[in-house]
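Chemist: Those protein sequences? They're chains A and B, same order as listed. 1 is the number of the first residue of the first sequence in the numbering used here; add one for each residue after it. 1001 is the number of the first residue of the second sequence in the numbering used here; add one for each residue after it.
Treat each hint with caution, since some may be false.
[What the hints assert, rightly or not] If you only want the chain B side, here are some residues facing chain A, beta carbon under 10 Å, derived:
(1) Gly1042
(2) Leu1045
(3) Tyr1048
(4) Gly1058
(5) Arg1107
(6) Thr1111
Rather than coming from a laboratory, the hints here were simulated on the basis of the structure. For every residue, glycine included, the Cβ atom is placed at its ideal position computed from N, Cα and C.
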Amino acid sequence: DQQVKQNSPSLSVQEGRISILNCDYTNSMFDYFLWYKKYPAEGPTFLISISSIKDKNEDGRFTVFLNKSAKHLSLHIVPSQPGDSAVYFCAPSGAFGNEKLTFGTGTRLTIIP
Amino acid sequence: NAGVTQTPKFRILKIGQSMTLQCTQDMNHNYMYWYRQDPGMGLKLIYYSVGAGITDKGEVPNGYNVSRSTTEDFPLRLELAAPSQTSVYFCASSYAQREQYFGPGTRLTVT
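Let the hints inform the model, and build the full structure from the sequences given.
Modeler: If you want it as structure tokens, here you go:
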């Protein structure tokens, strides 16, 4: 029972262009959505999040969009830089009292110089 | 601030052996977690703790045990190691449950 799906295992994008990473979920109780970034041989690091009461959250080059009716969120990175090459995990969580994270399978992003 | 530290970084175990994966955090976080990540998969929660003396099972607890005697430490014990426990193990901590800080991981191979 995979509650969180990242259907693209890998993505290659030219440096300077936009990277779009997608995430679909099935659990309607998720109300807070996080993105984590992971470099090889390191632990994941928190990147950006969005609450279910919003449909967009922006932080510098990173923007996350949430479509609750479609149970879909996406992470946009623009412009993409070589240091963005990493694995990105979508990690939704439930409401207060059930806030444990559920991780997607990840998308490996490669930025081509 | 060292953040979350894990030891060892790598370990090879024979089937049936036991070991303890160590995790320490210096951020005074109440919440601590153990995850495993298998190749091509996301992180699966093994056990978590909401404070010293309190632990609870996650999604995949079988074959593991934990204890939380202090705020800082959250060791994960493997008894009778099996090949299915070959994985990368991550410890994390957080003030609130959502924004978790992860350690660098322990790569465990059971042969």
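Chemist: Give a verdict on every hint.
Modeler: Comparing the hints with the structure gives:
no.: 1; hint: Gly1042; result: 3 Å, holds
no.: 2; hint: Leu1045; result: 6 Å, holds
no.: 3; hint: Tyr1048; result: 7 Å, holds
no.: 4; hint: Gly1058; result: 7 Å, holds
no.: 5; hint: Arg1107; result: 9 Å, holds
no.: 6; hint: Thr1111; result: 21 Å, violated
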